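Sequences listed follow chains A and Y, in order. Read in order, the letters of the first sequence correspond to residues 1 to 378 in this note's numbering. Read in order, the letters of the second sequence correspond to residues 1001 to 1398 in this note's numbering.
Treat the hints as calculated values from the structure; they're not laboratory data. Treat the numbers as computed from the prediction; the structure is a model and nothing was measured. All residues carry an ideal CB built from backbone N, CA and C; glycine is no exception. A portion of the hints provided could be inaccurate.
[What the hints assert, rightly or not] Only some residues are given here: those of chain A computed to face chain Y with a beta carbon under 7 Å:
1) MET1
2) ALA274
3) HIS281
4) MET283
5) SER295
6) MET296
7) TYR298
8) VAL320
[Unchecked claim] With a cut-off of at most 35 Å between alpha-carbon atoms, the simulated DSBU-like pairs for lysine-lysine come out as follows:
9) Y:LYS1109 to Y:LYS1310
10) Y:LYS1256 to A:LYS324
11) Y:LYS1284 to A:LYS309
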Amino acid sequence: MNFSFTSEQDMLRHSVARLVREHYDFETRRKVARSDAGWRPEMWAQFAELGLLGAPFSEEEGGFGGGPIEAMIISEEFGKGLVIEPYLQTVIIGGNFLRHGGTAEQKEEHIPRFIGGETIFAFAAYEPKSRYDLSDVSTTAMKVGAGYTLNGQKSVVLGAPFATHLIVTVRTSCGQRDRAGVTVFLVPKNAKGVATRDYPTVDGLRASEIYFENVAVDAAAIVGEVENGLPLVEKVIDYAIAALCAEAVGCFKVLNEATIAYAKQRKQFGRPIADFQVLQHRMVDMFMAAEQAISMTYMVTLKLEESDKARKLAASGAKVQIGKAGRLISQEAVQIHGGMGMTDELNVGHFFKRITMIESQFGNTDWHLRRYTELSNG
Amino acid sequence: MDLNFLPEDIGFRQEVRTFLENEYPAELRAKVSREEYTKEEFLLWQRILYKRGWGAPAWPKQYGGTGWTATQRYIFQEECACAETIPIPPFGMSMLAPVLMAFANDEQKAHYLPRILNGTDFWCQGYSEPGAGSDLASLKTKAERLGDQYIINGQKTWTTLGHFADWIFVLCRTNPASRKPQEGISFILVDMKTPGVEVRPIITMEGGHEVNETWFTDVKVPVANLVGKENEGWTYAKYLLAHERTGIAGVARSKKGIERLREIASAELDRGEPIIRNPDFARKISELEIDLTALEYTELRTLARESEGKGPGPESSILKIKGTEIQQRLTELTLEAVGAYGAPDFRGFPREGDNQLPVGPGYAHLAAPAYANMRKTSIYGGSNEIQHNIIAKMVLGL
Chain A
1 MNFSFTSEQD MLRHSVARLV REHYDFETRR KVARSDAGWR PEMWAQFAEL GLLGAPFSEE
61 EGGFGGGPIE AMIISEEFGK GLVIEPYLQT VIIGGNFLRH GGTAEQKEEH IPRFIGGETI
121 FAFAAYEPKS RYDLSDVSTT AMKVGAGYTL NGQKSVVLGA PFATHLIVTV RTSCGQRDRA
181 GVTVFLVPKN AKGVATRDYP TVDGLRASEI YFENVAVDAA AIVGEVENGL PLVEKVIDYA
241 IAALCAEAVG CFKVLNEATI AYAKQRKQFG RPIADFQVLQ HRMVDMFMAA EQAISMTYMV
301 TLKLEESDKA RKLAASGAKV QIGKAGRLIS QEAVQIHGGM GMTDELNVGH FFKRITMIES
361 QFGNTDWHLR RYTELSNG
Chain Y
1001 MDLNFLPEDI GFRQEVRTFL ENEYPAELRA KVSREEYTKE EFLLWQRILY KRGWGAPAWP
1061 KQYGGTGWTA TQRYIFQEEC ACAETIPIPP FGMSMLAPVL MAFANDEQKA HYLPRILNGT
1121 DFWCQGYSEP GAGSDLASLK TKAERLGDQY IINGQKTWTT LGHFADWIFV LCRTNPASRK
1181 PQEGISFILV DMKTPGVEVR PIITMEGGHE VNETWFTDVK VPVANLVGKE NEGWTYAKYL
1241 LAHERTGIAG VARSKKGIER LREIASAELD RGEPIIRNPD FARKISELEI DLTALEYTEL
1301 RTLARESEGK GPGPESSILK IKGTEIQQRL TELTLEAVGA YGAPDFRGFP REGDNQLPVG
1361 PGYAHLAAPA YANMRKTSIY GGSNEIQHNI IAKMVLGL
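Same shape as in the complex, but just chain Y (with noise of 0.2 Å):
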């Protein structure tokens, strides 16, 4: 046990902090704190990273993957959060990708693996639905085989950026007489651009546009788009949940978002003090931080088992439940931090070449959105509450 990093590590790193330096495009750095991204520019992101050879730093090296260690992906993923680059959307990349590299068949691998890597595809996520969030296996919409295609019907809902989406990976129900509700379901892929796909957008509470209703009405897809073998869905669909775990527990972002919080607190007066010096809201930022280092050595610790070969277990179900918890409560204290002008809504205002005076501080306009915004993060990807579950049974044995 240690923690040096070695001199190649060290080097590594200065590397990644080299090209992000001089590779991160200006105008998404200017965009730091507006959040709301573009298609383009995700797409632009990534096509940096491919052109570099970091297009997928958790891939394996036969599909164009990095091959890095997973120190080196840890150290990635830290200059990243610290240059406060664009996040990586994890549909394509971390979630359909461990599936097709597992299940899918050697064509759909050569056609869609690369044009993931190399920021041809924007994928989305046709999982949740109305009647089926936390119960998923419960879900409804069917594909009926007709020849050598799938009729498609029925609705998904929660599209996470559904409205850039190029493609669309479905869970369908394609046995509608199989007794159990996890079985007759199958992963099929599907071109958003199809005749009957209709993606309708829903409005969060804070005003964001990121998720979106998912409509299917006869739409025929072709039955080389079935991923694995028909009806046999629900476990590629479980395997994908838990690579999904893994990634979600945002540790180096979170980082950066403390080191924000102190500036915000170093800068926000209360009698006359930085707040930072109130020690009942200094006292909160630490209890944050040392819940950040125990969620960093616990994934430290899975990806070093990972590292000796033994895949994501249902302890990500941890990472989950703690790295959400830590990243709403991070927007809850700049919120709390920000004071008073935490209350001005700022959607659609300022707008470009607005010449008045600003309202507050900078730091202070997204600080309700982002509060309200990540409420969502206990509830996607598996709720919490689903995830105790997991723990529960897959691991407690209870």
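One chain only, chain A, in its complex shape (with noise of 0.2 Å):
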């Protein structure tokens, strides 16, 4: 049992901090965030020239040596700026798609393309009435002949603007909310009868709603096992859950650095805040969430190979303690900046947002919370 880093994971995590620290300052940020595009496609050529959408992949799958550890550092990094690169949804979501349930020949036609930038993924599984739950799926899939046609909605689908291909959950059997009779496929957005509706989030990221109307795919478009995709499904979901958890903490550590270090400057009554006891142990509270967020950051990351039940705790586990730790460091940095705390000009409001936003990405603290109870009592 060890918890240190390597010194190539020190050295990747050194590179994505300065690929951060000088290409995603706060203001560039902000403009890339309100521009047409909505993203910037030459960020995106950096990070695979860089290694970084093949790092959490080992060397068999076509990556470069590493996995759940590699994952966290550069997600962690990247939250530190806000990256707004589909990184959770392409390398995280896809490639975990692709190696757990991908066949030999999708992994050799779609790993080598992602890693090197071409291929971008979304994951389009959440509709207008399943809330969390990934086995609520009412898109459709009617074999015909050799192939399917898919019918349905997809809601809010992040980093749909910007992707090539979308991985979609399907109804192919069973009832609404049956575990059984889910597969996901893996559709070419731009496959005829796919419609898509673009709009920005609040947190600065772009999202889609998207309409499937008879749309033709073949059976080899289908990641995983037909009928049983669920389990695939929640094992993927589980990592992206690790990765945005990771993607949590770097909001939290530039949040606590930024109020920390604005409370010794401001000064009120003739001294600066920080003098102030009752304002001192908010920022501590701040900061024991925060160090309980890398603690549990670091135990999903690992459990993440264990068994079905482990992992699962494991994940929501985390994300009820980043959903409550996020809530408290947000609000407490926003009120210890005062007036200065609501404007867009600062940073702090616009992770204020993003972290609000990961609350309720893929289940919100009290889903989770319920999950996690299902579980661990039988």
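Take the two lone chains and join them into the complex the hints point to.
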């Protein structure tokens, strides 16, 4: 048992941190988020060039010899810069679907392309009435000859405006909320019958509503088991939760440092507000929340390859902790910054919004607390 | 980074488990739910551990410690918690001993450390006074030097297990003229049998006797009992407090506590269903367990840093704050779980040989006293508010 990073991992962190520092300052990020494109394809090319898109995959898989710990390091550093580009969607979600469910042909076709930066994935799972339940799928696929025809709607698909391919959960049999009968398809976004409505999200990302109308796909587009895709989906989303927790930790660190620095410099009643014990104790609570969040992020990252039950408990436990910590840290950061914390001009509000959205991504605190309880009490 | 135990660690766990199964005394095993142990019982277990060479898991080998890795210590703690062994009182083992190793002279080390290790001496702590709690440096107990003796006068309080103790380490004021309250304090070892030392019990609200007042009236102590330098005691006192905080998280014991809580919540019914099926109650258990997991990994991170040669830093205050909050919530939820049978007062009842029908389930008997007693944890060892101050100053630089 050990908690130290290898020197390669330290180097990876330094190089991602430098990239974010040099190319992802707050003003640039704000401009990009409000630009027409909403992201920078040239940044994506740079991620590819630096090897970040293949970092969390082993060499046999076509990656650069890493795993979940590398994903954690990159995600945390990206969190510090509020990076917009769809790393989570493409590398963590897309990459893990291929790793854990892809056929040899699918791996051969798609892995080199996303690692090279050509293919960009988005994960179309949630629906207008499904809330966070991955088994609640009403998008259908009818078997037609050797292929399938897809119909339905997916909601708030993050990163979809930038994507070349969609990973779609589809009901191929059973009732709308049954665990059985869910199948995962990999569909090119430009397939005939796919319509999208793109929009910005409050935290500076982009998402789409996606409508499938008689979209013809062949059976080779299925990722994982036919009719029994849910265990794969749950596994991949737990990988995504681990990376999301790491991103949140990056956000927490920036907000905590910014808050302490501001409190030392801001004077009222003739002295820095950092002198006031009532504020000191609140900043200590923020610090402790961040430390506990780091611990839970390590924990879930290191448990991703354990049994299904252990992995799910770890992911839900971490998501609950990060959700609570996020509320505390983001709200206190705004409060201690006072009026300045309310402004669009300061980065604090932007971190506040991202942390708020992270709380509900892949299931909010209540949802994961319930999942955790159901798992732990049998 | 990885969570895997090495094959030798897995073997070690089995070795500890077998040892506990075979060597943990049956008479102590029977007392699990009573929690009030005698001095002889504490020392009995210490002597058994000593015989096995495991008397001081955290000490360096040169002083008779085990030389275990952080992982082995963690495994040992987990297994002891699982077997619900009698806790090792921290006063000699984990509070005084590190101070002696760091600051005492060779004769002192050679005399006192082995006696802690082999279960000869039972120690207690002379820190708090009626007027010096969180503001410890305002202490007034004084030691005047007279030839080769100190004459100690004053009063200490909250002396945990002072009624068992053979020895006490006392913070005394040796220079009344010092300008700052932190200056002029000395760290002195006192034999509890010395004339003029008097221990008076303090009964806490649940009826227990753990803490005491300790009075010193013209107590004559050889100058040789001074640890380190005269008037430098504050440095040693702080060093001790940092060491006190690491053990205080109590992760393994709290894990066992959650296991017990789940058993109780499976036995207690509400509308015909075990309360563990009640979503409101089940949610509270889950939140507690998740917080405990976070604490566990924070402690493991701290241990990992320690094993890289960095001593416990001010971050250990997190362990104290979160660990005690969890211990308190555990007893709070247990009391909630037992329902109405939390009410009967079992002090001194049932008595030995009592043949009457029991009142309520056995697990309910201590629920209320334990809940009341555990309120102490956020007050002792530097109150949780003081821990906030320590992090604010030492970690955040505020």
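Hints, verified against the model:
no.: 1; hint: MET1; verdict: holds, 5 Å
no.: 2; hint: ALA274; verdict: holds, 5 Å
no.: 3; hint: HIS281; verdict: holds, 5 Å
no.: 4; hint: MET283; verdict: holds, 6 Å
no.: 5; hint: SER295; verdict: holds, 3 Å
no.: 6; hint: MET296; verdict: holds, 5 Å
no.: 7; hint: TYR298; verdict: holds, 6 Å
no.: 8; hint: VAL320; verdict: holds, 5 Å
no.: 9; hint: Y:LYS1109 to Y:LYS1310; verdict: holds, 23 Å
no.: 10; hint: Y:LYS1256 to A:LYS324; verdict: holds, 25 Å
no.: 11; hint: Y:LYS1284 to A:LYS309; verdict: holds, 20 Å
Hint compliance for this structure: no hint is broken.
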